[in-house]
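Residue strings, one per chain:
Protein chains: 2
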Amino acid sequence: MHVGALSALLMALQDAPVSPAPATVSSSDSIWLWIALGVGVLALVAALLLAKVVLAGDTGTPEMRVISNAIREGAEAFLARQYKTIGVLAVVLAVVVFFGYYISPRTQPYALKTVIAFLVGAVCSGLAGFTGMYVSIRANIRTASAARSSLNGALQMALRGGAVTGLVVVALSLIGVGVLFLGFGGLTDPVGVPYQLVGFGFGASLVALFAQLGGGIYTKAADVGADLVGKVEAGIPEDDPRNPAVIADLVGDNVGDCAGRGADIFESTAAENVGAMILGAALYPVFGIKGILFPLIVHAINLIASIVGVAVVKTNDTEDPMAALNRGFYVTAGIALLGFAGAVKMMLSGPEVAWGWLVGCGVVGLATAFLFVWITQYYTESKYRPVKSIAEASLTGPATNIISGLAVGMETPAMPVIVIAAALLLSYYFGTQALAGFPGVSDYAKGIYGTAIATMGMLSCAAYILAMDTFGPITDNAGGIVEMSEQPDSVRDRTDKLDSAGNTTKALTKGYAIGSASLAAFLLFSAYLEEVRSIVADKVAHAGAAGVMPAGWSFTNINLAEIPVFAGALLGAMLVFLFSSLAIKAVGRTAQMVVKDVRDQFKENPGIMAGTSKPDYARCVSIVTGAALKEMVLPGVLAVGLPVAVGLIFRNFSSVYSAGTGGPVPTINGIPVNLGGASAVAGLLMVGTIAGILMAMLMNNGGGAWDNAKKWIESGQYGGKKSEAHKAAVVGDTVGDPFKDTAGPSLHVLIKLLATITLVLAPLFL
Amino acid sequence: MHVGALSALLMALQDAPVSPAPATVSSSDSIWLWIALGVGVLALVAALLLAKVVLAGDTGTPEMRVISNAIREGAEAFLARQYKTIGVLAVVLAVVVFFGYYISPRTQPYALKTVIAFLVGAVCSGLAGFTGMYVSIRANIRTASAARSSLNGALQMALRGGAVTGLVVVALSLIGVGVLFLGFGGLTDPVGVPYQLVGFGFGASLVALFAQLGGGIYTKAADVGADLVGKVEAGIPEDDPRNPAVIADLVGDNVGDCAGRGADIFESTAAENVGAMILGAALYPVFGIKGILFPLIVHAINLIASIVGVAVVKTNDTEDPMAALNRGFYVTAGIALLGFAGAVKMMLSGPEVAWGWLVGCGVVGLATAFLFVWITQYYTESKYRPVKSIAEASLTGPATNIISGLAVGMETPAMPVIVIAAALLLSYYFGTQALAGFPGVSDYAKGIYGTAIATMGMLSCAAYILAMDTFGPITDNAGGIVEMSEQPDSVRDRTDKLDSAGNTTKALTKGYAIGSASLAAFLLFSAYLEEVRSIVADKVAHAGAAGVMPAGWSFTNINLAEIPVFAGALLGAMLVFLFSSLAIKAVGRTAQMVVKDVRDQFKENPGIMAGTSKPDYARCVSIVTGAALKEMVLPGVLAVGLPVAVGLIFRNFSSVYSAGTGGPVPTINGIPVNLGGASAVAGLLMVGTIAGILMAMLMNNGGGAWDNAKKWIESGQYGGKKSEAHKAAVVGDTVGDPFKDTAGPSLHVLIKLLATITLVLAPLFL
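Those protein sequence lines, which keep their order, are chains A and S.
Under my numbering, the residues of the first sequence are numbered 1 to 766, in order.
Under my numbering, the residues of the second sequence are numbered 1 to 766, in order.
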């Protein structure tokens, strides 16, 4: 590819011509690729060793093992069936992508490569999810067992279990992209190959979407269903072994939080890697291949920093576990920042590059991560106003609790949006300053590269964050096992402490995930625009003498005042609302099936409530599994189908609707290249992303606030447990469940899926 | 103004130069202005006559009069205090606008005119709201009295009361714009004057925002507060005279629904009139002054058609009153369409205009109105799936009721968004076809004019729709009066029937209002872009030889890929979320004050519950009044302040962030005119509008669906009244109240306020 496009590409970014790129890359530069791959492999080895340490842990009493085995079987059965469903969908899409590329002689040469990248991305994503869950469903019982002797032992066990996920996810993303880059000939055509990797991001997103949707529906349907029929109808406590849905509930924590979030973060790093490499390719004249390999090195640093961070975490029986986890995070962030600065100095500096500004971009990214985490805490912790206001509103019943929670949820995007806007503006400015020595490169390209660097900075401690996140479901499960196997109170106290820290880390990770999605959004838009430009350049070059490419033309004009773009924007925002609606309804319907099964079991076997016979946990697990997998299909297909439909429809109508502004456009035989489909899709992508970010914050933080308002009341406020206020707060918590664990996290993935699907299918819209 | 700008304006719209516009307008053309003004005055006379007919109605029994008087006094006291608060805010803003214009020598000549237009708009809007309420708080008792003899009498009384509002609102909007146009010299400078009318729209929006916010907070705080403490705590029925908040609740229907919605629709027509006249001015070479006066004539037709429509409505004691109201609507729509087609033929035809296509645009607009109304019915009536699904979910308690209602709410924007997108695409296409005979005019200008015509078509039956809307609170009040004065069951049956029809019309009007806001949005964007272009042209012309205006330059490029536009877009969407949050919280806080007062009254005076002494209605009314007025200030100030802040901030930073695409830009002394502030504001406006439309639909339809799910259960489904399902449905209804009657309708106004404030303050952003 891009033999013809390369010079056009350089033209596009430069007013003055530069000397063409060298045909091959010097070995001193390609060393960076080998370093990144090497660190990736070492991280996998480290993960393996960690896993061995975890698996060598004590597995407690026989009662504990019975429960743990039931969880493990349920989770593995779900994952097996889920991957089968996703596999079928992925193969169908692979065929579509292949033929979509194959029918046009221009894209034909990339058909196979794109499909390979897609499948590798999908498989790596699935593998990352599977590995993470494999360890976490074994770490839960070992954490429970360790909690019998010390808090520190349990904390380290859970965090190490989580770290396996973190390391595997980031390492697989790094290795997947690196190996594809190598295999597609990136060392000989470094500028062309990054565009061929877009399939990797799409494969990762597709698996992530279904993993998060399916897992999210599963976990909340089981949770809500178990609560509705157990706590409310039968009056038995949470995690009571008499509840036939209790194992399904514990399974849900693993398939939703572990496997789902693992796929989510895998996709974030994959999409960010590919997007940043495309921008690096566009800036090849400035940085050479080092600019393209820089994102991979950042993740190598991420892996090293996170391993150190995990290693330093320890606590004692009196400390708040959260403090220990935070210490680990600060160590990770510190190392990551130092490494980041060093990598910038070594890879991106040069006589004309003011590299200090680029380090500044990285600092902006990390600061954004910190601010997002802080804001999330403000909105979801009971010591601040928002949660307190919900708890207080519970005094006048469920209606005011709900109104108050929704009001808090709708307030939450305000501060983060200001932070994102500031981060974008700052890093853009820093980018223009850093590259001020290149008068030939447009300010826009410089600025966008600054935002890309900030995104990498933000994701430079992703592995540790993911370890903290997976810590959540492990400790949650450990608590359930301790509860169900009736351990002494001292053990329960320890797991309760860990569980509480786990709830906090889960909420914080969501803040981090949506923050990175927000910041990465602009990077991915730019990659899409650059991809479209490259395709058009290619197309015009193919047309030979009939094609005219205006000097310096680039596709950076997504004009909201044009009807197709505005219509695309409306549809993009609508997609977010409809997708959320479908996800929430799916939870409701699946929960109804759980309720029905539990009621049936109680009726068929009165011994269950009497405690004389065991409920059929597996039947309930099997019902939720089937229903959740069925329900994930419609929202998933909508998310994939709408952008494609918009692109194809507007491709055919756009000539009527073009605003006709924005300077000269490329022509073939004197006819302007039809950019309507690509523009409408860009509108959908950008405004869909904005709506998605806001709605995800509403859902995540609103749900988290409801949850903690309930917990705060349970701690004795406003009458404590069993008061009327508590009943009202339980209603809010139940409403918040599908918000924060199904729709919200799925929206993170949706945002990135929109970006990667448009990247891959851009040729169809032109 | 625009002496220098005029030729630039024509240049902008035309590739080939045309002969300049004539300096004065022939009297045969100016006749249209006189016709429009004449019809406006006649409509006011008709409204006066109708009011006399209504006021001549019987005022029933002394018991009824006691209640009605209490409502009247409360409503008038609220309105008086509300207008005082709004007056202060309006004067402050008038001063800001005056100095904003006065400091620059370029805009100085328009400072006074803009402020005059602003104040006239504000006063007319206030007057429209006041008149409507004046009649409706007198029509309520007369409707109640008429219901003692026949349903037809009561129906006609209520509809005529509503018609007074409808006619006064539309006529004042027409007369206000027409007189300002005349007074500012529109007959000698028809192209320049429309730009000077933008203040009128802003004045109308400002009053509408506070009227709707204040009224919306009042009505739902009183309603929720009365229900919480009356129905839930004291166990007395709705509208029970022992409840001290019952009069406040009935007052709320008037100040929220009558005065608020009146100001809302006044603002819609005002903004649409001004926006369409600006586009007409931009197309002056095509249509001459007739294109500028056409929007006024459309509203003259609107008035005539609506008078006929109201006159034909009659029913008997057995028919569903909704059927009679619908007949009136069909008659109105039919006459409006015929008149519209006639006006197009007479005013917008010509040898080169294919005017049939323009009639097609009008049909698209009317069809959009019908589709919106139908979709609203689908989502809010109990015979369709959505409401049934909420009712069914109530069986498992309040949590599932809420989840299900929110899911329905989030689903609702899907179909309307597709309708809007289709309407925009169709009317744009029709516009290009209609004006295909003008090769000099850009396709974009033609298409946008098509969408403007469609908007006028949609609003061409606004007066009748508003009459149906105000019918709602009148019948609601009549029902309350009948209930509280303990009339026989036959009378109650009649008012119940009317009340039920009133609930439907209120919901439908909201669908209509949001539909018109959606369609008008594009018209108002275009007016803003045209306004910016005109200011820039003016500025460049002022600079004399130092200024360079590229041939054919127009400001139609709102590039989402530029950081300032994207940041503006993010902030615009965020504003919608934050504004909704503040509005909802305001209701919650005010409702708490009602609850407290009612509890205090019950405690201080045990005779109230025993029925031996009267509660102090006025104290409760006074408390809600004060609280609602206090609470409306913060969201209102946010809505006004954020766009201004974004414009001013990005005005100063934009040179760093411009994408540098989109062809040549105007320069002064070789420096490009700084468009960053104007672009960021455009991003805020457009994406804020998109988010506002979706969120308003979520709120309106979600709220309506919850309400009707409760009513459906009350009709005997799922156990009927007092069942557990009913209790759950009451929770949903209470949550939906501030959604559908405070935040949702206020968002309609917010959308249009954003459009008018940016129009007026555009000079500050450049």
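Hints are not guaranteed to be accurate.
Identical copies go unnamed one by one, so any copy, or any two together, can satisfy a pair.
[As the list claims (entries may be wrong)] Under the rule of at most 27 Å between Cα atoms (straight-line distance), these lysine-lysine pairs were calculated in the BS3-like manner:
1) 383 to 721
2) 711 to 721
3) 52 to 603
4) 630 to 388
5) 388 to 596
6) 614 to 231
7) 614 to 603
8) 52 to 314
9) 231 to 727
10) 596 to 314
11) 727 to 711
12) 630 to 84
13) 113 to 231
14) 614 to 314
15) 721 to 231
16) 603 to 314
17) 630 to 113
18) 345 to 113
19) 345 to 52
20) 596 to 722
21) 345 to 722
22) 722 to 231
23) 727 to 388
24) 113 to 711
25) 113 to 614
26) 345 to 603
For the record, the hints were derived by calculation from the structure and aren't laboratory data.
(message) Hints numbered earlier in the text: which of these fail when held up against the supplied structure?
(response) Violated hints (numbers, rising): 3, 10, 13, 14, 16, 17, 18, 19, 21, 24, 25, 26; every other hint is consistent with the structure.
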